[in-house]
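Student: Sequence:
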Amino acid sequence: LNDPAAVTPASTAPRHRGEPKVGAVTRDAVTLTHGPIASLKWGAMTMDFKPPQAGLPRNVLAGDTVTFEFFMDAEGLPRLTGISPMPPAITTQPAAPAAGSKP
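Residue numbering for the sequence shown follows the numbering used here, starting at 1259 and increasing by one per position.
So the derived label-pair ranges between C-beta atoms look like this: (1) Leu1335 <-> Gly1301: 17 to 27 Å; (2) Asp1306 <-> Pro1272: 15 to 25 Å; (3) Met1344 <-> Thr1284: 20 to 30 Å; (4) Thr1270 <-> Leu1319: 31 to 41 Å; (5) Thr1270 <-> Ala1347: 34 to 44 Å; (6) Gly1321 <-> Asp1286: 13 to 23 Å.
Rather than coming from a laboratory, the hints here were simulated on the basis of the structure. The beta carbon of each residue, even a glycine, is placed where N, CA and C say it ideally should be.
When you get a sec, could you build the whole thing from the sequences and use the hints?
Tutor: This is the structure in structure tokens:
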């Protein structure tokens, strides 16, 4: 049960990534709604994560889409190692027809 060889240190634990939407941010947790995490064989879900040791960036707000990275600790709990807002999506507008052209 307490076999030291069975515990994966945080520095060597596999990292998992996703691009979730932030549902809520509190001092103690950030609620993320993420798609499937293939590396863990997890389906899409909403779950709370404790903030990373360095804390949450000030620009992570409810409603934001973010990138995040985490590992599973020795107790089997996910631990955030990083989270950051994704840049806004770039939308392209169709070109306006040239003056005098027919639609």
